[in-house]
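Q: What follows is each chain in one-letter form.
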Amino acid sequence: DGGITQSPKYLFRKEGQNVTLSCEQNLNHDAMYWYRQDPGQGLRLIYYSQIVNDFQKGDIAEGYSVSREKKESFPLTVTSAQKNPTAFYLCASTSQEYSGNTIYFGEGSWLTVV
Amino acid sequence: LAKTTQPISMDSYEGQEVNITCSHNNIATNDYITWYQQFPSQGPRFIIQGYKTKVTNEVASLFIPADRKSSTLSLPRVSLSDTAVYYCLVGDGAGGFKTIFGAGTRLFVKA
Chain Z
1 DGGITQSPKY LFRKEGQNVT LSCEQNLNHD AMYWYRQDPG QGLRLIYYSQ IVNDFQKGDI
61 AEGYSVSREK KESFPLTVTS AQKNPTAFYL CASTSQEYSG NTIYFGEGSW LTVV
Chain E
115 LAKTTQPISM DSYEGQEVNI TCSHNNIATN DYITWYQQFP SQGPRFIIQG YKTKVTNEVA
175 SLFIPADRKS STLSLPRVSL SDTAVYYCLV GDGAGGFKTI FGAGTRLFVK A
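Protein chains in written order, with this note's numbering: chain Z, 1 to 114; chain E, 115 to 225.
Worth flagging that the hints you see were computed from the coordinates, not collected in a lab.
Just to be clear, a hint being listed does not mean it is correct.
As the list claims (entries may be wrong) - Far from chain E, some chain Z residues (derived; all Cβ distances over 12 Å):
#1 F12
#2 R13
#3 N28
#4 A81
To be verified - Coverage of chain E stretches by chain Z, computed from C-beta distances (three or more under 8 Å per stretch; other residues unrestricted):
#5 156-167
#6 215-225
All C-beta atoms, glycine included, are put in the ideal place defined by N, C-alpha and C.
Sequences and hints are given; from them, build the entire structure.
A: This is the structure:
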């Protein structure tokens, strides 16, 4: 089945550590996104990528980094510079071939600082 | 991108029809209106999309007036399992690169 796979579902990070969240899609979508969601809040855009080897900062990019070496993969690294990383992280993708597209989401990853 | 405004929360009872309205005064000519549903600890999932007038699928209807400055998601005969957050998005879809999600509307369905 086509879709977006995020891993791990739950991740714990110690202070000062970098952690990487995986996002893989087999929908052949060009654009991919990372969002952060705090409890009871909406989604905030961290980074997005329109094509391979290119990505742009979203509204809350500080403390995060991404790469887009392959069309199907868009990993997110939460660096030690992100002072409050505990949140629910969502990866998404969309086609750019025509108007009226919808955005598809993975099941999310919970990151907790311990 | 057009900004959207939705009620923060709504309550309903099982079996009732629920209407959630979204305001998008700055909608552009090429923009579509899309609604998503999100359950706790899950990614949002697509409910319905429209451009103008009325769209209906197996789970909801979407009403869009002629000026397209607002839209209403209608959920017929809600059940407890419809308790979720509902997001209204406005954009052209094609490479909606900086897709903006607001806080959404929290719908509570009571028995």
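Q: Run every hint past the structure and note whether it holds.
A: These are the hints, each one checked on the structure:
1. F12: 16 Å, holds
2. R13: The assertion about R13(Z) holds, with a minimum of 18 Å to chain E.
3. N28: At about 14 Å from chain E, N28(Z) clears the 12 Å cut-off, so the statement holds.
4. A81: 23 Å, holds
5. 156-167: holds (count 7)
6. 215-225: holds (count 4)
Checked against the numbered hints listed earlier, the structure breaks none of them; every hint is satisfied.
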